[in-house]
Amino acid sequence: MFKVREKEPDYAFIPNVDSPELNQYGKSIDLIKECEDLAGKSLNINGDSSIGENPNRYKQHGFYFNADNCISCHACESACSEKNDLPPHLAYRAVGYVEGGTYPNYTRLNISMACNHCDDPVCLKGCPTRAYTKFAEYGAVLQDPDICFGCGYCTWVCPYNAPQLDMTKGHVHKCNMCVDRLEVGLKPACVAACLGSALDFGVIETTPENRDQLETSIPGFPSPDITNPNIRFEQTKTLPREMTRTDSMPLRYEQDEQGRLGENSFHTKVHETGKSKEWNLAKLRSREDPLVVFTLISQGVIGAFLMMFLSSTFGPMLGFTELSIEYYPIAFPITLFALLGLETFALALSTMHLGKPHRFYRAFNNLKYSPVSREVASIAVFFNLFAAYTVLTVFSGLFTWLPTGWLQSLQTIMGWGAVVAGPVALYFMHSIYRIKARPFWNHWQVLSSFYGSMFSLGAVIVLIAFGSVAVFEGQSILPLINYVALPLLAGLVIEGFGLVRHRSDLKKNGGEGAASYYEQITTFGKTYLLRNALLFAGIVIVTLLMLLQAEGAVALMLWVIAILTIVSAAYIGRALFYVLVIPTTMPGAFFWRNKGFQEHARETGLADMPQVGVLPDIH
Amino acid sequence: MLFGRNKKNPIKIADKGVVEWKYTTCGYCSTGCSIEVGLDKKGDAVTSRGVADADVNRGKLCLKGIFEHELFKSAGRGRVPLMRKKRFDEFKEASWDEALDKTASEIKRIQEKYGRDSFAIVSTGQIMTEEFYTLGKLARGVIGTNNYDGNTTLCMSSAASGYKRSFGSDGPPGCYDDFEHTDCLLAIGSNLPEQHPVIYYRLKAAMEKKKFPLIVVDPRVTMLAQMADIHLPVTPGTDVVLLNSLAHVIIKEGLEDRAYMEAHTSDIESFEKLVAEYDPESASRICGIDADMIRHVARTYAKAGAAMTIWTMGINQSMHGSDGVVGINNLNLITGNIGKPGGTSLSITGQCNAMGTREWSSCSGLPGYRALENAEHRKEIAEFWNVDEEFFPKERGLFMTDIFPAIETGQIKGLWIIATNPMTSMTNTARMRKIMEKLDFLVVQDAYEDVETNEYSHVYFPAAVWAEKEGCFTNTERRVNLTRNVVEPFRESKPDFWIFNEMAKRFDHSVTFPENTEGAFNEMRELSKGRMLDYSGLTYDKIEEKRGIQWPFSEDAEEGSPRLYTDGEFQHADQKAKLIPLPFVDDNERPCDDYPFWLNSGRVVEHFHTRTRTGKVGNLNKFSPTPYMEMNPDAAKKLGVEHGSYARLTTRRGDAVVMVQTTQRVSPNMVFVPFHFHECVNRLALGLLDPHSRQPAFKQCAVKIEPIVNQGAAAVRNKAARAY
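So the protein sequences, as listed, match chains A and B.
Using the working numbering, the letters of the first sequence map in sequence onto residues 1 to 619.
Using the working numbering, the letters of the second sequence map in sequence onto residues 1 to 724.
Keep in mind that the hints are not guaranteed to be accurate.
With the Cβ distance kept under 10 Å, some of the chain B side facing chain A (calculated, not the full set) [claimed, not checked]: (1) Gly43; (2) Ile66; (3) His181; (4) Asp183; (5) Val198; (6) Phe212; (7) His296; (8) Leu439; (9) Glu606; (10) Lys616; (11) Leu639; (12) Glu642.
Keep in mind that the hints were calculated from the coordinates and are not lab data.
A quick note: this is a predicted structure, and the numbers were derived from the prediction, not measured.
Ideal Cβ placement from N, Cα and C applies to all residues, glycine included.
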């Protein structure tokens with residue numbers, strides 16, 4: 001048990017005051033009301049089996065932040081980092097700020113933020129390994145680094161940047177609400193350290209002494225609707241109508257016309273700073289590079305398999321026999337195996353992308369909630385059905401011992417199974433990105449893009465595999481082209497249509513999504529135009545070649561160009577998809593938690609000094 | 001669990017395994033927080049926490065204190081003494097005997113050849129009071145140089161000078177408890193949330209209990225200015241005009257405490273005559289605060305039951321620093337706000353022991369607030385130390401800021417620098433480089449061998465840091481507090497106290513040097529008996545028990561003294577405080593067509609001084625790892641300077657490259673640059689010296705700003721200047 005020292009000042013103790021029954025989201029503050037047997041259990045902190053005597057142990061607790069008072073002295077962050085022995089490059093609690101007004105009527109609003117131990121913890125739901133638990137004790141949402149495999153998905157879904165992916169350790173860790181201190185009635189270390197009378201803590205919905213408000217939001221704070229966070233605010237001083245951020249996120253917060261005080265009166269808008277259109281190709285690289293490859297390959301493999309299986313099944317009925325094992329007794333099986341190999345490579349890439357790849361099997365732990373678990377599981381189902389189909393098809397000779405008709409049936413079952421599982425897997429893959437805290441991703445365009453790539457890249461793979469054989473054997477590629485050109489075009493058009501709609505919705509909806517779009521047309525403006533041009537060129541070339549039914553060397557050259565164009569557009573597009581996302585996260589400061597400075601420190605080598613607090617290489 | 005895992009592992013929370021806590025006082029600023037350092041089983045210092053029942057900090061610490069235990073093993077610490085023949089040779093490791101012998105022989109050689117005062121000593125505000133006392137004894141009583149001063153000339157000299165001029169003695173009359181009693185607080189050029197966060201905590205706690213008007217005078221919209229009820233964005237360097245004008249209004253409207261003035265102040269007439277010239281309308285045209293506001297503030301201050309003024313470098317680091325302090329004292333004397341609860345002139349000091357050096361180091365005089373100019377004082381000390389009275393000079397020698405120019409012109413040939421880093425802290429870095437090159441002999445004594453000044457040394461003494469030794473600091477409110485020895489000094493580094501004693505052994509003299517710091521402390525107690533600065537009742541154990549005690553504390557005292565001059569008796573011969581007229585002469589460098597911006601400098605909360613300590617603690621340094629400036633976005637836009645890019649600053653002295661942070665916190669004709677970084681703001685600053693305190697005007701000069709086209713090259717240049 002945490003030892004309370006002698007003469008500990010009063011401010012360090014959590015006051016025992018009455019709280020309402022329900023919180024502002026309508027949920028019970030008493031956490032064991034419906035399940036009393038949750039009471040009386042030890043938290044087993046560092047193996048200590050005793051049980052804390054805090055009288056409000058089973059009530060939801062939360063931080064209280066008086067934004068008028070925060071002076072950005074960093075005492076809270078530092079007390080936290082000191083207690084939890086954190087290295088400089090990460091922190092469970094961080095202070096950032098928004099500012100506005102004109103000298104000397106200038107206001108800086110500092111915001112200190114850690115984990116909000118939400119009623120609806122999206123981290124917990126998103127985590128594929130079930131590393132998270134929301135405890136009946138204090139309502140603390142705690143994460144176990146020994147379970148975590150370092151996928152970082154919780155860092156995507158959390159709107160407050162609370163979970164910290166520690167690249168040096170390969171796992172996530174986060175604010176533990178100082179439950180060791182709570183057990184003995186002490187406030188968390190950060191709160192006890194506060195020098196500005198800004199940060200406080202207690203049972204949620206209890207107003208600290210000398211305070212008047214229990215707001216659920218302040219400017220710069222993401223919508224509480226996403227997770228129902230357990231933090232309450234006071235912010236009574238008049239703020240300038242427009243607040244901007246000092247970090248590199250192109251966001252500002254604008255008060256609505258009524259100029260009301262309190263929550264939701266500020267709207268997130270794009271902060272256009274007149275940036276020029278750039279290429280920034282180097283910045284296209286990110287930690288998510290393996291996912292660029294993984295998603296594109298998986299989509300292509302599923303698409304190619306669909307085309308091969310369906311042409312084998314329905315081709316003869318339609319008089320199309322040029323894409324079947326009978327027609328290509330060697331190329332067809334080799335291609336099936338190549339696809340298997342390609343998908344194996346993609347899966348390996350995505351596994352190695354984990355902080356702790358050897359814990360990959362834990363990906364299935366949270367099928368109930370986590371889209372990551374569902375994606376991994378459905379990809380695994382597809383992969384196994386597809387592999388079974390391949391083996392049964394290619395090595396049918398090995399299965400002659402099966403009763404008559406069984407092989408055929410098995411092939412059909414496995415094949416059709418994979419045909420269904422593939423697109424289902426892609427649906428789950430898309431669900432991963434439908435994150436409220438990441439508006440740039442939270443759009444159906446992700447699905448249109450993934451299915452579009454399935455068709456277009458699938459067709460490209462088929463074209464490359466069988467077209468080259470046809471050319472090598474001196475046969476006409478027209479029948480093949482006539483079979484794949486439609487799905488190819490359809491894929492490109494679906495992708496393009498999604499992008500157009502995505503663009504207009506981002507602009508219309510404003511906020512972080514619009515800010516991502518602003519980055520897309522400025523920081524990556526030229527790259528973005530190139531991708532669009534490539535996509536358009538792909539559509540034009542394929543349409544022309546198909547309409548003209550062109551053959552010969554020139555046509556062949558044009559097909560090669562079309563394929564290169566399509567693949568480049570897909571790659572650039574997917575890379576942009578990952579680097580452009582701007583989460584609805586808390587504002588940073590000028591150096592600390594400023595993505596722009598972190599990039600600068602890495603580029604210039606400042607990050608090589610560990611005390612700069614930026615890890616040198618994130619790839 | 002509500003959701004998540006049914007089968008849970010034990011919750012792991014970092015446990016540092018503390019088995020023992022040791023009592024110390026923070027070694028950064030002069031707030032004087034009591035810190036307990038936690039030691040684990042191996043005896044390693046693993047954590048720090050504010051002492052729960054210490055009156056100063058009440059269990060709290062700022063971020064620097066929170067990580068203070070990391071100093072003991074931080075990068076760049078001095079391991080062994082180093083020596084070299086010429087400053088451009090490679091250092092060779094040496095034994096302590098070699099290094100001390102060499103230094104002593106060089107001191108003697110230089111003094112014999114060029115005279116006693118040709119060897120200078122520049123000390124600090126960072127070491128313990130006993131160490132200051134011992135160094136003073138060594139410098140004044142053994143080595144015998146009158147060119148002996150401390151870096152406090154860069155921070156508190158104006159405050160000390162102003163106190164002496166007004167009250168007849170140094171010594172801040174107030175305390176933090178005054179926040180609990182005041183009815184109006186005026187803060188001039190003091191940004192507590194950034195510079196003294198724990199004092200801000202005390203202020204905030206008092207304001208939460210009982211609200212009173214907070215008036216902040218600062219050209220920048222600091223956090224304190226934002227928290228203020230009234231913010232006066234004054235024109236840089238014109239505080240004296242504002243103060244004179246406030247006095248003008250108070251006298252003119254009959255709001256003064258005439259009875260107090262007549263009983264306890266002298267020179268009323270000449271003072272009143274002078275302030276009569278400073279009507280708010282005329283003053284407003286100089287200080288940039290409108291006349292109505294001046295009247296409003298003057299009335300608020302004068303009508304408050306008790307009113308107090310605090311200030312820091314915004315006043316001190318100015319051409320009129322000493323006058324600014326006197327102006328504040330004038331304001332409080334005419335309103336009767338000295339020596340009463342909630343009414344005071346409280347200088348918020350910079351370094352942990354700037355007060356200790358003022359009290360005991362003999363830099364500006366002799367120990368215990370004694371003056372070289374006073375024959376009786378010379379005699380007392382000469383007898384106590386057993387030296388010839390005539391060995392003492394009859395007036396103080398050069399200030400730190402005059403010692404360097406004396407090196408430039410060759411009067412001073414040798415220099416001993418102790419725990420200060422003029423290569424970063426002094427203005428006009430280029431001139432400083434030329435000066436340091438001229439030295440025949442430089443010995444640098446510092447806890448860090450990578451301290452930039454070491455670039456010019458011939459001998460380097462690795463010193464112990466903070467709680468690697470034992471002794472006392474005095475804080476801003478005259479509280480003497482103790483640091484117990486927590487860990488052994490790093491590698492072969494030694495306490496400054498040991499180094500001074502060892503050095504003394506290498507000179508012929510008749511003075512005794514006590515073996516340990518407590519012995520030196522007892523000498524100080526003896527010397528302080530019956531004086532205003534009375535230490536006689538203090539003992540180490542009593543100090544620790546009370547978590548620091550405010551002097552005067554006589555042998556029969558039960559409690560420390562929160563305030564001075566409670567009886568209205570001052571230290572001038574007539575026991576009155578002087579009301580001093582302050583004519584304002586503005587000959588500072590001001591923005592012009594060629595250099596259109598004010599250049600202001602100051603501290604940020606995560607760093608201390610020249611970053612030799614904080615630049616190596618990642619959890620501090622990360623908040624500002626590289627130099628930057630605050631610049632108004634409208635001004636930046638006009639010049640094509642972008643937020644987050646590097647820009648070039650040029651003054652008549654030199655140039656510097658900094659990263660730009662645009663913010664409306666600064667006015668369109670001012671930029672603010674933190675002073676902590678090497679090869680940065682002090683390449684630019686002018687630093688005209690205050691005539692009384694010789695403190696440089698770090699905060700006011702004129703600068704030009706240009707965007708940099710080649711950002712890559714700027715980044716390379718910036719990084720090249722950063723060893724840490």
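Interface hint for glycine 43 of chain B, Cβ within 10 Å of any Cβ on chain A: violated, 18 Å
- Once the shortest beta carbon distance from histidine 181 of chain B to chain A is found, is it less than 10 Å? violated, 19 Å
inquiry  = Holds or violated: the hint that phenylalanine 212 of chain B contacts chain A, with Cβ atoms closer than 10 Å.
reply    = Violated: closest Cβ of chain A sits about 15 Å from phenylalanine 212 of chain B, beyond 10 Å.
Interface hint status, valine 198 of chain B versus chain A (Cβ within 10 Å):
At 6 Å from the nearest chain A Cβ, valine 198 of chain B passes the 10 Å test, so the hint holds.
Practice task
May I ask you to test the interface hint for leucine 439 of chain B with respect to chain A, counting a Cβ-Cβ separation under 10 Å as satisfied?
Solution key: violated, 31 Å
Is the shortest C-beta separation between leucine 639 of chain B and chain A less than 10 Å?
-> Violated, about 15 Å.
- Item | Interface hint for lysine 616 of chain B, Cβ within 10 Å of any Cβ on chain A | holds, 6 Å
key: Restraint outcome when isoleucine 66 of chain B is required to lie within 10 Å of chain A by C-beta distance   = Hint holds; isoleucine 66 of chain B Cβ to chain A Cβ min 4 Å, cut 10 Å.
Query raised in the report: Under the criterion of a CB-CB separation shorter than 10 Å, is glutamate 642 of chain B in contact with chain A as hinted?
Result: holds, 8 Å
**Item:** Supplied contact hint for aspartate 183 of chain B, tested at 10 Å Cβ to chain A
**Value:** violated, 20 Å
>> Tell me if the interface restraint on histidine 296 of chain B is satisfied: Cβ within less than 10 Å of some Cβ in chain A.
In response: This interface hint is violated because 16 Å lies over the 10 Å limit.
Are glutamate 606 of chain B and chain A close enough, Cβ to Cβ, to be under 10 Å, as the hint says? holds, 6 Å
The structure is inconsistent with the numbered hints 1, 3, 4, 6, 7, 8 and 11, although it conforms to all the rest.
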